[in-house]
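Start from chain A and add chains B, C and D according to the hints.
Residue numbers (the working numbering), protein chains in the order written: chain A, 1 to 318; chain B, 319 to 632; chain C, 633 to 1003; chain D, 1004 to 1420.
No wet-lab data here; the hints were simulated from the structure. There is no bait here: all hints are sound.
Straight-line alpha carbon distances no greater than 30 Å define the calculated DSS-like cross-link-like pairs of lysine-lysine that follow:
#, chain 1, residue 1, chain 2, residue 2
1, D, Lys1054, B, Lys391
2, D, Lys1229, D, Lys1212
3, B, Lys414, A, Lys253
4, D, Lys1028, D, Lys1049
5, D, Lys1114, D, Lys1054
6, D, Lys1049, B, Lys406
7, D, Lys1315, A, Lys62
8, A, Lys62, D, Lys1420
Everything numeric in this text was worked out from a predicted model, so none of it was measured.
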Amino acid sequence: MTTVATQIKLTPEHNARPGASVRSRLQDALPKIVLAPSFAITIVFVYGFILWTVYLSFTNSKTFPSYAITGSRAYQRLWRWTFESDPPSSWYTSITNMGIFGFLYIFICLALGLFLAILLDQKIRGEGVLRPIYLYPMALSFIVTGVAWKWFLDPGLGLEQTLHQWGWTSFHFDWIKNKDFVIYTVVIAGVWQASGFIMAMFLAGLRGIDGEIMKAAQIDGATTFQLYRRIVIPLLRPVFLSAFIVLAHLAIKSYDLVVALTSGGPGGSAWLPSNFMYEYTFKRNEMAVGSASAVIMLMTITAIIVPYLYSELRERPR
Amino acid sequence: MSVIATPARQSTGGVSARTVNRIVIYGLLALFALFYLMPLFVMLVTSFKTMDEIQNGNMLALPQAPTFEPWLKAWGETCVGLTCAGIKGYFWNSIKMVIPAVLISTLLGALNGYVLTKWRFRGHTLVFGLMLFACFIPFQSVLLPMATILGSLGRFGVTLRNATGLSFGLGNPTVNLVFVHVVYGLGFTTLFFRNYYEAFPTELVKAAQVDGASFFQIFRRIMLPNSMPIFVVTVIYQFTNIWNDFLFASAYAGTGDAMPMTVALNNVVNTSTGVVEYNVNMAAAMIAALPTLLVYVVAGRYFVRGLMAGAVKG
Amino acid sequence: MAFLEIDGLRKRFGSVEILKGIDVDLEKGGFLVLVGPSGCGKSTLLNTIAGLETITEGEIRVDGRTINDLHPSKRDIAMVFQSYALYPNMTVAGNIAFGMEMRGVPAQDRQKAIDKVAKVLQIGHLLQRKPSQLSGGQRQRVAMGRALVRDPKLFLFDEPLSNLDAKLRVDMRIEIKRLHATTGTTIVYVTHDQIEAMTLATKIAVMRDGEVQQFGTPAEIYNNPTNLFVADFMGSPAMNLIPATIGGNGNSLSVVLQREAREPISLPLADAPSGLSAFYSKPIIFGVRPEALTDPEGAERNASNIATADCHIEVVEPAGSDTFAVTNLGGKAVVARLRADANIQPGTSTPLAFNLTKAVFFDPATENRIL
Amino acid sequence: MLRKLLIGTALGSGLAFAAHAQDVKEVEMLHWWTSGGEAAALNVLKEDLAKQGFAWKDVPVAGGGGDAAMTALKAMVAAGNYPTASQMLGYTVLDYAAAGVMGDLTETAVKEGWDKSVPAALQKFSVYDGKWVAAPVNVHSVNWLWINKAVMDKIGGTEPKTFDDFIALLDKAKAAGVIPLALGGQNWQEATMFDSVVLSTGGPEFYKKAFNDLDEEQLKSDTMKKSFDNLAKLVTYVDPNFSGRDWNLATAMVIKGDALVQVMGDWAKGEFNAAKKTPGTDFLCYRFPGTDGSVVYNSDMFGMFDVPDDRKAAQAALATATLSKSFQSAFNVVKGSVPARTDVPDTDFDACGKKGMADLKAANEGGTLFGSLAQGYGAPPAVANAYKDVVSKFVHGQIKTSDEAVTQLVSAIEDAK
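So here's chain A without its partners, still in its complex pose (with noise of 0.2 Å):
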């Protein structure tokens, strides 16, 4: 043991030198400095662009952004739009497509994920095939299977023709030509690309729960419906959340699925507030209303997410 400690009383560390309390304290502030580049672009990114952008929408920038504060009008527009159910403005029909795909594919998604997740973790043979199977929908851009979808569901070349080819004349299914159904095709799309990473998460959710509960429960005489419903799924709250926040970031940001799908749908009735944004922003050049209904995405955005993120941080003090 002498050896070892020889050696390191050389070290030249021990000794106290004058430089050593700035050193000292340069090492203390060190996390803080390796977060700090993180934490300043994120600042400057996304907080200052989104100052930038509620500016914007107090001014009348139209095709290039103006800085002079001209008044509310672009969100007097958007509050009047709100109202104007018949015939839909096209903001009306933005937000209430939210409502109905938000709500839909966030659902759907968390209730497939969760029952593949279970079915798959029944001890399948082969699981190995059916997980990528599953989840390569993610790996893939909507720009490329946006088109093989809108085939797929179009009545004159896809699923509808092929089974009157087949035999069955009387099947029909023309949701993405009806303005009034063509949102649920692409929330169709958007769970088939979604639902096999959300089923994924669940499946680690359920290898993570320790066995020795499900045994608990069995010996309890828990029948496997109510293993699930009583044991597991309160089990995977964290996931729900973690899942809910994945999905609710892919619905708010679902621009491409819309637009390859069904090039914004008849009369355009399956626009969401994405596609009014960029509508406005770049199209039609009134850049100031697309900034206010970026603002008040933003806002039911923080309307849903900050509580939740705030009971999630607070959980854990230490």
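What follows is chains B, C and D alone, placed relative to chain A:
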């Protein structure tokens, strides 16, 4: 965890409930597999058909006379803008942009997660909350201000080059894209690593401190080598997102020599006025998606494992 | 001057005070055990000594040098963690050598040091394994090896045995004691297990709620607990703490213990602590350890003050080396420790000897010892 | 911000100029002509320039009929990296010119005599504040019918001269079990067809007042209501799956003989050409009934940006080449459109092309050349898109009556102005 199906009752019937159960389960799984595979199937069969067959035949039918022509054309002949050399050249553009962007954003996410869990300071939850919320910003609304800033950086790069002979990549479209993807990928990478490191034993960090390891030594020698699962998850997530990004790529790197794969693919697939070659489009789409598909298939096994290891914990 | 000195140490998280002015010291080669229930601040105290947590107020000195603001690696300490904190990505040898590597010790010298430690701890055959391939006991040894190889001024142990099974725990306890004896190092050791504390320590600090309740040698702590908490916490089976009143006449006091459906027992006190007279006919807590409450034959011969009383035995627990008998006094179950061969039946009455020399008294209001 | 950008750019370019005194022999070109035929057409220009020693830096961004490209352009301009030129449409050119980011081609224009050869209607968009800022590449005309000749012969139809003729023809097709009208149910296609309907229903004067001058009286007039009613009538001849269909699929229906006619701009001819069909024998091109003598146009322009001085020579060369007669002829033969100058010989053009050129010339001289509202040549994008919204909602039934449609049209246009 794995549930043992409720033991079959010792019924007198020949087929046990368990067998019926298994059949139902496998049936459902197969049915959903079909649902997920269907678009891929449509794309695949279409890519092997001739245009005549596509226009006159059934979308779901197998090709009558399979042809590789569309694939060859997509790879080496189809026109992207005025250059008709297929999409093969754009692979490299995407790769040299995606790999640095993924690595940098992942590494920064890991460092952030490390600081936010193991070197906590007053207000760390607020910092994390702000970074996480950043995931939700709609990209369309950052397009223009970001362009303005990238433009200023580019001009600064020119000044720098004139003064020093080096522009440090400022103004280079690939560098710009890497920067943008790092900026808007940080929220998610930080979230993934923070949740993972939250469950990472703090005693290891303490032990390393006592052993005299510095902040970075602990990160490099202790944290990183034990972060493989979450590394896989983050890399897959970032890789697919960045590879598939079109908005930023088209806005900041549309020029021919830096144009990433998605923009090239979009130029092949989306024509304004002109003839649409669906078979070539589908083949091009499949080729463009190969790297992401490969990443999923190769790393897919570790994906669930990685998610398990902490990414999904609240 | 002591080797390790902790003066007026305070630690606050926001408005919460975790450590409320700790004063402890330890001579060179000493073995200080910090013991207390979970949440008492003992691990925090250890961490502040290690430099893993900052302190709000006060001073820590090792060998005369103030180390308050030094980085952990510069305090010349080594630490063994509860979970062992072995780096999962490194081999055993890598784990042991990591600290030296960080200091830039040449590879050959590192190897020598590893070999030496491996020999001491008999883990030579494990050196190339990863921690996941080791058993709990082996991990424990490796963790100690990692600490030993540094040959530090101060060893810190954070509940190192709590993850081991009972048998292994005893073995390792002996191992640690032997190590301490042979190397003569100074050790600070955190545990919630009072047996570890008693067997290992040269000094014990019993902590509760961020305060040191009592600081002293194991014997002092055991025999002269300063308050109810220490009395209750230290010793197994725990000290009997029986609600009682002080009775007696004139100059001789006695302890009166109520019994269910029986006459109270009155034990005359020969040399009662002077403070006790103030509690005449008032309630007190009467503390007597099980070994001081025994069968008259087994009672300590040279004890000056033994009182005997008939007690109704409710339960008998033969434990092999001893037999424990449970009776009810003052509304509480009271354990007596009898010889292994004591002939005693539950449900009968038997005389028990109270060794009042070893008895202690507490003020129920302040919970402090009455002296 | 733009001003700041400009100063920044000027600074940057000044420095660049100091560093490289020599001209940059390169044009950077943003466009969305990415499909085979279009790219081939544009390649002619690239080669013309190559002969003069100018390199071509291609910036193709396809999608949404130029939407993606315009987004990219906006980002490039915001960043201060102007391309040499960008494909642009109508009012967008003027927007950018107003923002002060366009270059000045007047010198070239004077030398080449563009003032005389380019129709005045086009000059409205290529000249800003007396300065040439864009070079028009072609003129598309949207009031065309594209008819499958075999089907036409089968049902014994003849060229419809009035709207009622057209309805009668469609009825014949319906009776014969053919889809009468091939339509892609995307808002721009519907609105493009409605441009023709309005011109046919109200006549040239009405179209101009309503869709170019945005005269509210005309917009809410009974003629406009009648136009909507006519549109509604047309929509009854459409197959049920039309919604969301791409325009080229609708064209394919006519080519294959599944449908009789498509109302579409002359870019549809490119599809017929690609399918190896000849005008006159395989397909017929007629003006939309009741619009003969008028041309509702849109035009692709190359907007020229205010590039650094060392790139101006290349820009001038690009502009000259773009409006050269040889390129105008070669390009437009392939593209299906007609040249943007009226003095190009029509020898290489097919029958439809020849007719288109003659019509353009006549309309230019007769004052019946009108910008298409649907294609962004009638009014700024905000108005044009509001218009497309209303038409599309009317076609798809969100707006139920022509009265309501007119009210909506007026308020939407008012809102967007």
